[in-house]
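Novice: Protein chains in written order, with this note's numbering: chain B, 1 to 433; chain P, 1 to 521.
Because the hints were derived from the structure by calculation, they are not lab data. A few of these clues could be false.
Have a look at the derived ranges for each label pair, beta carbon to beta carbon [stated by the list, open to error]:
hint, chain 1, residue 1, chain 2, residue 2, range
1, P, Asp145, B, Leu344, 39 to 47 Å
2, P, Gly168, B, Glu57, 25 to 33 Å
3, B, Ser295, P, Glu107, 22 to 30 Å
Part of the chain B face toward chain P, derived, beta carbon under 10 Å [to be verified]:
hint, residue
4, Pro10
5, Asn41
6, Ser198
Here the structure is a predicted model, which means the values were calculated and not measured. Yeah, the Cβ is synthetic: ideal placement off N, Cα and C, and Gly gets one too.
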Amino acid sequence: MARSRIFFSPDDRVNAFLTTCPEPEYGTGSLEGLAIAIKDNISTKGIRTTAGSRILEGYVPPYDAHVVSLLLAEGAAIVGKTNMDEFGMGTTTENSGYGPTLNPLDTGRVPGGSSGGSAAAVASGMVRMALGSDTGGSIRCPAAFCGIVGLKPTYGRVSRYGLIAYANSLEQIGPMARTVGETSRLMQVIAGHDPRDSTSIEQPYCHTPDKNIQGRRIGVPEEFFGAGVDPAVAAKVWEAIELLEKKGAEIVTCRMPGMAYALAAYYVTCTSEASSNLARFDGIRYGPAVDTKKSWHEAFQERRGMSFGKEVRRRIMLGTFALSSGYYGKYYAKAQSARQQVKLDFLRLYKEVDVLAGPTMPTIAFRLGEKADPLSMYLSDILTVPANLAGVPAISVPCGTVEGMPVGLQVMGRPFEDEVVIDTAYAYEQAVV
Amino acid sequence: MRMENMSAGSIAGSRSEQSQGHISQAAGSPPLHEADETIIGLEVHCQLDTVTKLFCACSTDYRSDGPNTHTCPVCLGLPGALPKTNKKAVEFALRVAKALNCEVLPESVFSRKNYFYPDLDKAFQISQYDKPLAVGGYLVIEGEDGEKRVRITRVHMEEDPGRLVHKGGVDRARYSLVDYNRAGIPLIEIVTEPDMRSPKEARRFLNKLRTTLEYLSVFDSEKEGSLRVDANISLQPEGWFDHEKKSFKGRNRVEVKNISSYKGVEKALTFEVTRQRNVIRKGQPIEQATRHFVETQGITTASRSKEEEQDYRYFPEPDLCPLRVSSWVERIDLPELPDARRTRFIGQYGCSPNHARTLTGDLKLADFYEKVAAKADPVLSATWVADTLIGELNYRDMGIGSVSPSHLIELVNLVKSKTLTDKNAIEVLRVILDGILGNQPAGTPSQVVARLDLGAADSGTGPAAISEVIKEHPQAVADYESGKKEAFMFLVGQVMKKTKGKADPAELNAMLRKALDGRDK
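For reference, chain B alone in the conformation it holds in the complex (with noise of 0.2 Å):
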């Protein structure tokens, strides 16, 4: 097969890549040519991958993600590695081990996290589409405040395969792009099983997105639009739903009583997950070398210590408590029937609704150190998390500005209903054009 060359060389002012690649190579396929960005937390091979950690400084892995070789075997070209927040740990993409991703709607804003180097890449028009991470929130929320368009897709409809495992049993790798068009056709080709992961299902996403929403059922939970959640973006939103009813949709409002326990829920079962998959760098195998005139357990703590960020350090901490004996019970095991408590509310919820709406995120972006305080930017999430929690499909699409800054109109679907969710927000997309 004939191999071809793209030139990239972007003007990135906005720190959205750590790694570019000057002259990918791309083949034939649906996306021939296509320049993509890829999540720095997937796994490239032969290409730099940190995960925003300088804990990984210098790491090149020696195989692709399962969805990289999906994209190149499409013809896309990968262009670069886009900056994060380290391991995924972070709403802002401040927590980069390599300094923040600048907003490029307003550079004294943050463009979210943790996949703001994707969103901002995608933002600024330095790529056409770019794939994410989402383990709380990592792809709706820069999707929102940059004003793009981001798909979490069903726990399972995407191989996780080669992406660096911040909380296992929540994340998905999800496509991000301009329109929601775009976007269903990154998710075509990532999409479909994967044998490699074991909780990856068969069911493959073949779809073109339909606008016509006569007769759908969306159900707006309360909680959506609670304390915290700016009354100016929740008018947005408001605005975006009647919209949808205006086209067809029925619009139900509702509950989900199980979202008070969705933060904890969702905090407790991340870090503890993270605890785990974060000990095997220990400076013996990835980044730099320990200080081999030390004993190894003074080596490996002193390399942790220094080369992990705070964030990462203090849920490594949190998870570590929450799996110590004596504790699983009271924090790990009732995380875990919280969690079945989300997942519950939203099935008992769809049995009357086809879908969910409501804000993507409380607030627009931040200004950069806003959230300097961990506590009230791990409430920021409180919209994002419960799909994560209940595994079912996302997604955040824009709908207007306040204060000149995008807001994002969330849509969550029944678990393997990604393209219902998908025509929802294309439905809306198309009605504001």
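Since the structure of chain B is provided, determine the placement of chain P on it from the hints.
Specialist: For chain P alone, kept in the frame of chain B given last:
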């Protein structure tokens, strides 16, 4: 909870607690008594003999290859790689569970056992914790007083870690290297109840377990490091352990880790019995501790207990789905197991119970014997294989695999037809084994017999040799006649020399006596 207790203890004054603890131990624990029982439980780790590793497609046949040559992103624990359970390994483990009479749980779960060690590439081992593959079985062994059941608590699956190579020895190494070839090899851990009452019983259990696993074709005991054992051992007053209402707290048990051979288990436990007896004799308490077996010295040494105290922070492995395989068990057809085969050997071949036990105690040996017994006298074959051959093989540190059954068939048939005396047959066997060992094949038994001229003498050679000896040694004959027994033995020796051992000694004896006594004086 634990933390509250600890802080309460430190506030209330740890001194009084400590002294109370000491008093109760001294008051409750009786002095050493000869009838004190040894209580032993085992945790046995066996490598399952699959073609590929537990969670990836890497080959398990790594022993003769260079370091880190049987690795991939999965078994190296590279960021992003995901495990995928090897169905064959699960089937192997189920065979074991069924053969050990265990109940396979409807749902079992892989969990992460988290700890830092350089040989553990992911810093956690995928193992099973609160939901193991199978529970509650038993294995029948030859106990000190007849057959006994050793109860099996659980059987679970886990992955082997890599291996550290300390350049220049463990203590003096300037650096260590890591080899991940072994990482991801499937293991089963078999945990017993504390049902063994002596180091010898523990060894018998292991031998029986090994044999059973080999009969199931899931384990190869000849592969280096394929078996590792941790043993729990304590000394308790006679009957105390089995008594429901225990009159005192009982002495602490000690866990001996790092035993990697069958003989090592008996050695380590025997050492530990002696050590614990000495401690108790001195009136000191046995501390609950982990000790390491040092194979080269045959002793156990104390581990620094603080370092051993680990909180493994188990939680379900999120990258793997629960195993629901209990229905597979019905489809498993177990092969004939050692006990059944032993019974059959006695019935079908007329083996003595002892021979039958020896022969069926090793799969390859049992298969070898059946090949011989099919074409030679089964009872005579049993003696030759179980007694003579094994002795000669052990002496040379050889395995049964190096000998061809056809050699034994021929040898036994030569003995049976009296073409070869027992003594010379052993000689032939030795020549053949030495030939194999020296890589200079000696040929078939008949070829060896012909080359060394060891064939049994025909009936004419005996009388001829006797009359020659009588003629050549008149003094000895005279001594015999005057009643000296030594003279007879001397004459027998001379006759044997002349017949080169080919004649049957008993026959010769009788002939010589007859010749001497019937002489014309």
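Novice: Does the structure break any of the earlier hints, and which numbers would those be?
Specialist: Hints 1, 3 and 4 contradicted; others consistent.
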